[in-house]
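Trainee: Each chain is listed here by its residues.
Protein chains: 2
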Amino acid sequence: MKAAVMGYGTIGSGVVEVLNINHDSITKRAGEAIEVKYVLDLRDFPGDPIQNKIVHDYKVIAEDPEIGMVVETMGGVEPAYTFVRAMLEAGKHVTTSNKALVAEKGAELIALAKEKNVNFLFEASVGGGIPIIRPLNSCLTADVIEEITGILNGTTNYMLTKMSVEGSEFADVLKDAQDKGYAEKDPTADVEGFDACRKIAILTSLVCGQQVDFSDIHTEGITKISATDIKYAKAMGKAIKLLATSRKVGDSYCAMVSPCMLPQEHPLYPVNDVFNAIFVHGNVLGDAMFYGSGAGKLPTASAVVADMVEIAKFKDTNLPMEWRPEKLELADYKMVTNRFFVRTKADEAAVKNAFGAVEFVAAEGVNGELGFVTEEMTEAAYEEKAAKLADILQMIRVK
Amino acid sequence: MKAAVMGYGTIGSGVVEVLNINHDSITKRAGEAIEVKYVLDLRDFPGDPIQNKIVHDYKVIAEDPEIGMVVETMGGVEPAYTFVRAMLEAGKHVTTSNKALVAEKGAELIALAKEKNVNFLFEASVGGGIPIIRPLNSCLTADVIEEITGILNGTTNYMLTKMSVEGSEFADVLKDAQDKGYAEKDPTADVEGFDACRKIAILTSLVCGQQVDFSDIHTEGITKISATDIKYAKAMGKAIKLLATSRKVGDSYCAMVSPCMLPQEHPLYPVNDVFNAIFVHGNVLGDAMFYGSGAGKLPTASAVVADMVEIAKFKDTNLPMEWRPEKLELADYKMVTNRFFVRTKADEAAVKNAFGAVEFVAAEGVNGELGFVTEEMTEAAYEEKAAKLADILQMIRVK
Numbered sequence: 001m002k003a004a005v006m007g008y009g010t011i012g013s014g015v016v017e018v019l020n021i022n023h024d025s026i027t028k029r030a031g032e033a034i035e036v037k038y039v040l041d042l043r044d045f046p047g048d049p050i051q052n053k054i055v056h057d058y059k060v061i062a063e064d065p066e067i068g069m070v071v072e073t074m075g076g077v078e079p080a081y082t083f084v085r086a087m088l089e090a091g092k093h094v095t096t097s098n099k100a101l102v103a104e105k106g107a108e109l110i111a112l113a114k115e116k117n118v119n120f121l122f123e124a125s126v127g128g129g130i131p132i133i134r135p136l137n138s139c140l141t142a143d144v145i146e147e148i149t150g151i152l153n154g155t156t157n158y159m160l161t162k163m164s165v166e167g168s169e170f171a172d173v174l175k176d177a178q179d180k181g182y183a184e185k186d187p188t189a190d191v192e193g194f195d196a197c198r199k200i201a202i203l204t205s206l207v208c209g210q211q212v213d214f215s216d217i218h219t220e221g222i223t224k225i226s227a228t229d230i231k232y233a234k235a236m237g238k239a240i241k242l243l244a245t246s247r248k249v250g251d252s253y254c255a256m257v258s259p260c261m262l263p264q265e266h267p268l269y270p271v272n273d274v275f276n277a278i279f280v281h282g283n284v285l286g287d288a289m290f291y292g293s294g295a296g297k298l299p300t301a302s303a304v305v306a307d308m309v310e311i312a313k314f315k316d317t318n319l320p321m322e323w324r325p326e327k328l329e330l331a332d333y334k335m336v337t338n339r340f341f342v343r344t345k346a347d348e349a350a351v352k353n354a355f356g357a358v359e360f361v362a363a364e365g366v367n368g369e370l371g372f373v374t375e376e377m378t379e380a381a382y383e384e385k386a387a388k389l390a391d392i393l394q395m396i397r398v399k
Numbered sequence: 001m002k003a004a005v006m007g008y009g010t011i012g013s014g015v016v017e018v019l020n021i022n023h024d025s026i027t028k029r030a031g032e033a034i035e036v037k038y039v040l041d042l043r044d045f046p047g048d049p050i051q052n053k054i055v056h057d058y059k060v061i062a063e064d065p066e067i068g069m070v071v072e073t074m075g076g077v078e079p080a081y082t083f084v085r086a087m088l089e090a091g092k093h094v095t096t097s098n099k100a101l102v103a104e105k106g107a108e109l110i111a112l113a114k115e116k117n118v119n120f121l122f123e124a125s126v127g128g129g130i131p132i133i134r135p136l137n138s139c140l141t142a143d144v145i146e147e148i149t150g151i152l153n154g155t156t157n158y159m160l161t162k163m164s165v166e167g168s169e170f171a172d173v174l175k176d177a178q179d180k181g182y183a184e185k186d187p188t189a190d191v192e193g194f195d196a197c198r199k200i201a202i203l204t205s206l207v208c209g210q211q212v213d214f215s216d217i218h219t220e221g222i223t224k225i226s227a228t229d230i231k232y233a234k235a236m237g238k239a240i241k242l243l244a245t246s247r248k249v250g251d252s253y254c255a256m257v258s259p260c261m262l263p264q265e266h267p268l269y270p271v272n273d274v275f276n277a278i279f280v281h282g283n284v285l286g287d288a289m290f291y292g293s294g295a296g297k298l299p300t301a302s303a304v305v306a307d308m309v310e311i312a313k314f315k316d317t318n319l320p321m322e323w324r325p326e327k328l329e330l331a332d333y334k335m336v337t338n339r340f341f342v343r344t345k346a347d348e349a350a351v352k353n354a355f356g357a358v359e360f361v362a363a364e365g366v367n368g369e370l371g372f373v374t375e376e377m378t379e380a381a382y383e384e385k386a387a388k389l390a391d392i393l394q395m396i397r398v399k
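For the record, the sequence lines run as chains A and B.
Residue numbering for the first sequence follows the UniProt record's numbering, starting at 1 and increasing by one per position.
Residue numbering for the second sequence follows the UniProt record's numbering, starting at 1 and increasing by one per position.
There may be inaccurate statements among the hints.
What the hints assert, rightly or not - Result set (SDA-like, lysine to any residue): computed pairs, CA atoms no more than 20 Å apart in a straight line:
1. Lys313/B to Asp316/A
2. Lys28/A to Lys28/B
3. Lys28/A to Lys327/B
4. Lys28/B to Gln394/A
5. Lys399/B to Pro270/A
6. Lys297/B to Ile392/A
7. Lys248/A to Ala189/A
8. Lys114/A to Lys399/B
Stated by the list, open to error - Taking beta-carbon pairs under 8 Å as the criterion, some of the chain B residues facing chain A (in silico):
9. Met1
10. Ser25
11. Ile26
12. Arg29
13. Arg134
14. Gly282
15. Ser293
16. Phe360
17. Ala362
In short, the hints are calculated from the structure, not lab data.
Note that the Cβ used here is the ideal one computed from N, Cα and C, for glycine as well.
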């Protein structure tokens with residue numbers, strides 16, 4: 001089976017590397033050798049073994065009948081979308097690691113692949129090397145999924161872990177993450193939660209079988225998390241994690257991305273550094289969790305190549321995937337209940353006046369403010385009560 | 001699609017229950033309704049809604065052309081094997097939760113299913129509700145799996161957790177587990193590691209693609225673990241878990257079941273109570289872990305029903321599965337290296353004379369003996385050195 005790789009960046013070159021490293025075992029699993037015939041990139045790579053495979057025009061790939069599958073690792077919606085559509089139209093299987101593309105165009109590309117009797121696979125788009133797309137699609141099918149919650153962004157998890165271990169502030173840790181190459185020069189997509197938001201949109205779409213628009217998801221990042229917040233979390237025996245979560249509410253789901261405090265007994269509590277994990281609660285399965293490397297060249301490429309193996313195994317079969325284009329109207333996140341950790345400059349009487357019964361928390365070395373945890377209430381109720389309290393310094397949801 | 005359930009015990013009745021509870025979502029995922037037409041059992045169930053579906057002769061099922069898939073939840077090799085073979089021979093898909101059957105006859109039944117262009121699936125045979133069989137078979141296919149290590153038995157994990165939390169002895173905890181229904185009256189299969197042994201044999205077969213005989217796997221249970229061992233483990237910041245593990249050694253694997261001490265940073269460390277988890281290390285993926293309910297009526301039934309959904313989705317397609325009947329000669333476990341925790345009545349000089357440099361460990365309230373951890377060495381080297389030391393009270397491998 002001949003393949004083409006579109007985009008020879010970190011993941012694309014990782015795909016070529018994994019196909020080389022594990023050539024024999026992959027051939028055995030796929031039932032035949034998978035050979036990369038073309039690599040599409042704007043650049044040339046003189047001296048690289050793939051230089052003679054470089055093409056600059058995607059039509060060369062689309063029009064070559066020898067090409068059975070195409071890997072898309074360019075990132076971003078355009079021109080990836082135009083290229084991927086052309087490949088599917090030409091009857092070629094596609095696998096992608098591109099969460100932006102999948103979140104925005106997933107349902108449409110799945111439908112097009114079905115029409116053409118090929119496959120559009122995207123295991124690497126969420127959770128890097130962690131198998132989660134195929135398990136949701138073909139393993140957790142006996143359940144109604146009542147909750148799916150993930151640590152889906154390695155950069156922010158690395159930063160929060162480091163803040164927790166070292167007691168350092170956000171800005172310092174961001175600089176360190178940038179120096180180490182874990183965070184990009186413009187870290188907005190990671191630290192503001194936009195990356196995690198697209199990923200939970202994809203997972204929610206697979207869970208409900210309909211299109212979930214990421215722009216409908218309430219998203220908060222970690223830029224306001226401080227060393228003081230971490231001190232409180234530790235005093236409470238909890239860890240602050242950026243969680244992307246969907247909970248079933250009636251016939252819909254409520255999705256949100258925000259920092260949360262997790263108790264030690266939660267399966268996601270020990271997930272540290274650049275690792276990702278996805279927690280799932282099914283109505284008959286109970287709790288399950290999938291853990292692994294959520295990013296990185298080879299782990300992500302491992303998931304892409306596993307898709308290529310599936311494509312080789314099922315080259316004449318469209319593998320059913322439940323993600324229809326009809327949009328799901330998400331439930332209003334303000335109706336979801338949580339407990340809320342709050343820091344304020346106000347006094348105890350003012351806190352009790354606004355929130356009623358709360359649990360006050362002391363953190364070592366923190367003075368001149370109060371920290372407390374509310375009872376369980378909806379976001380809407382929280383906002384109403386919080387409006388009655390002056391000088392709120394911070395609010396973090398508590399699981 | 002009409003189905004039959006063979007064995008109306010805990011899992012079999014759970015399957016019927018899950019099909020009822022989630023009828024609508026399962027129908028959507030499967031593409032059609034799955035209706036249970038027969039339940040095979042020796043007993044009758046007067047008053048049970050399935051009473052009018054009870055049959056006592058498996059041939060009624062095998063000979064009914066309306067039956068497309070059969071669930072086997074009887075347990076044990078015979079008569080399950082005879083019945084399952086007959087169903088596959090009759091061109092019916094089969095799913096089973098029966099680890100004994102799969103460990104012993106898996107390769108043969110997979111080959112027979114392929115010949116008949118049907119499927120023989122067994123997601124529930126390892127890890128209960130945790131998706132692991134399908135992920136190994138269709139997600140981790142780009143990797144050479146260098147290690148697979150599981151907490152695969154909920155009974156023993158519950159017992160070890162309780163011993164750790166309460167400081168109690170094995171015999172007391174066993175009685176509690178039996179009272180709670182977590183351990184059977186004859187607990188041998190669980191506490192001696194035989195159950196975990198069959199499961200790691202299945203996982204290793206899937207990882208290497210060949211038949212691994214469970215009787216070749218060195219297996220130690222938890223019956224000799226004492227409250228004193230737990231004290232030492234805590235002093236070292238470690239947890240004692242019954243691990244079933246396979247590590248790649250050259251072209252083969254070395255498999256073993258034994259209690260081990262795990263450090264806090266190991267992904268399996270926080271897996272407590274009746275939960276199961278499977279840790280996988282791939283050569284390009286790195287570390288991954290699958291966590292969830294390893295036993296129990298509904299979680300296990302969830303995995304069986306997920307197989308039924310796959311069968312409905314692929315009713316005319318044999319899903320490729322890499323598990324050939326050729327036997328894999330396992331590598332000798334005595335060549336695998338570990339560090340070893342040892343308790344002895346001998347003195348320091350004797351310990352150093354036998355083992356050279358070791359790390360002595362003190363545990364609160366333990367007197368009149370020495371505890372130490374050796375350097376990393378093979379099992380063979382350990383045995384040679386241990387033979388030089390009198391009065392060894394305990395040996396536990398350290399990860």
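Trainee: Take the hints in turn and mark each one as holding or not.
Mentor: Status of the hints after comparison with the structure:
{"no.": "1", "hint": "Lys313/B to Asp316/A", "in the structure": "15 Å, holds"}
{"no.": "2", "hint": "Lys28/A to Lys28/B", "in the structure": "34 Å, violated"}
{"no.": "3", "hint": "Lys28/A to Lys327/B", "in the structure": "17 Å, holds"}
{"no.": "4", "hint": "Lys28/B to Gln394/A", "in the structure": "44 Å, violated"}
{"no.": "5", "hint": "Lys399/B to Pro270/A", "in the structure": "18 Å, holds"}
{"no.": "6", "hint": "Lys297/B to Ile392/A", "in the structure": "47 Å, violated"}
{"no.": "7", "hint": "Lys248/A to Ala189/A", "in the structure": "26 Å, violated"}
{"no.": "8", "hint": "Lys114/A to Lys399/B", "in the structure": "47 Å, violated"}
{"no.": "9", "hint": "Met1", "in the structure": "14 Å, violated"}
{"no.": "10", "hint": "Ser25", "in the structure": "5 Å, holds"}
{"no.": "11", "hint": "Ile26", "in the structure": "6 Å, holds"}
{"no.": "12", "hint": "Arg29", "in the structure": "4 Å, holds"}
{"no.": "13", "hint": "Arg134", "in the structure": "5 Å, holds"}
{"no.": "14", "hint": "Gly282", "in the structure": "6 Å, holds"}
{"no.": "15", "hint": "Ser293", "in the structure": "5 Å, holds"}
{"no.": "16", "hint": "Phe360", "in the structure": "29 Å, violated"}
{"no.": "17", "hint": "Ala362", "in the structure": "27 Å, violated"}
When held up to the earlier numbered hints, the structure conflicts with 2, 4, 6, 7, 8, 9, 16, 17 and fits the remainder.
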